[in-house]
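**Q** Residue numbers are given in the UniProt record's numbering: position 6 of the sequence shown equals residue 6, and the series is strictly consecutive.
To be clear, the hints were calculated from the coordinates, so they are not data collected in a lab.
All values reported here derive from a predicted model rather than from experimental measurement.
Fair warning: there could be bad hints in the mix.
Each computed BS3-like pair below joins lysine-lysine, with the alpha-carbon atoms no more than 30 Å apart [claimed, not checked]:
(1) 190 to 229
(2) 194 to 174
(3) 189 to 170
(4) 194 to 216
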Amino acid sequence: MEKVKHKRKEGVMIGYRNNQLATIDSREVAEMLGKGHAELLRDIDGRDNYVGIIPTLEKANLALSNYFIPSTYRAGTREYKCYLVTKMGCELLGNKQQGEKGILFTARYVERFNEMEAELRKGENIYPELTPEIRAIFILDSRTKQLQTEFNEYKDNQELSVADSKRLTKLVNKTIVNLLGGKGSEAYKKLNKKAFSDLYKQIHREFNVTSIAEIKHKDIEIAREIISKYKAPIFLINEIKMMNNQETFSM
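Sequences and hints are given; from them, build the entire structure.
**A** Below, the structure written as C-alpha cells:
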C-alpha cells in the first residue's frame with residue numbers, strides 16, 4: 001500500500017503524495033456535498049444493508065490510500081473519525097451524486113484542489129530546499145499572515161466604534177475646556193460654541209468627514225494628535241484673552 005504522509009497544523013489536515021497536496025478533510029468534503037459528516041462516513045464505510053465505497057474497493061483489491069486515508073480529529077476532549085480524501089476519492093463521491101448536485105460538487109472539489117496545488121507550486125518556488133512537510137508549515141504560516149493582513153486592512157478601513165468615537169469626543173471637550181481657561185471662565189461661557197465649532201471643522205476638513213464617527217480606524221492616532229495639538233486661530237485666541245482679562249479686572 002502506498003504510504004501517504006500528512007501533517008496537522010492548527011486543526012487543518014494536509015496530505016501529500018509525490019510532493020503534491022493530495023487530500024481534503026472529509027468534513028470539508030461533506031460541506032461541499034451539502035450533507036452531514038456522519039452521512040458522508042456512511043457513504044464511505046457502509047452501514048448494515050448499505051454497501052459503502054471502501055468495502056467495494058477492498059473487494060476489488062484496490063489500494064484504499066489512493067482514495068481515502070483514515071484519520072481523526074479532536075473536538076473538545078474526544079477524538080472522532082474522519083478521512084483524508086484524495087482527488088480520486090472525490091471523483092468517486094462525485095460520481096455517486098446525480099444531476100446538478102454532482103456537477104456542483106465536482107466543480108467545488110476541482111477548484112479546491114487547484115487552489116492547494118497552486119499554493120504548493122508557489123511554496124516550491126519560495127522554499128525549494130525544504131521537504132514537502134516542512135514546506136507545508138511555511139505555506140500555512142504564509143496564508144495565515146495573508147489572512148491577518150486582509151483582516152487588518154478591513155479593520156483599518158472601518159469607521160470608528162462607538163467607544164472610540166466617545167473617547168475622541170471626550171478629548172475634544174478636554175482640549176477646548178483647557179483652551180478657554182476652564183468651564184468656569186468667562187471665555188468658556190461666551191466662546192465655547194465658537195471654539196468647539198472651529199476644532200470640529202478642522203477635524204472634518206482633515207478627514208473629509210461630517211462627524212467624528214466617520215473617521216477610519218486607521219486614522220485614530222492622527223485624529224488624537226490633531227485634537228490634542230489643536231491651535232485656535234489668532235482672532236479666537238485674542239477673544240479668549242480679552243474675555244478672561246475682563247473677568248480678572250472685574251474681580
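**Q** Against which earlier hints does the structure fall short, listed by number upward?
**A** No numbers; nothing is violated.
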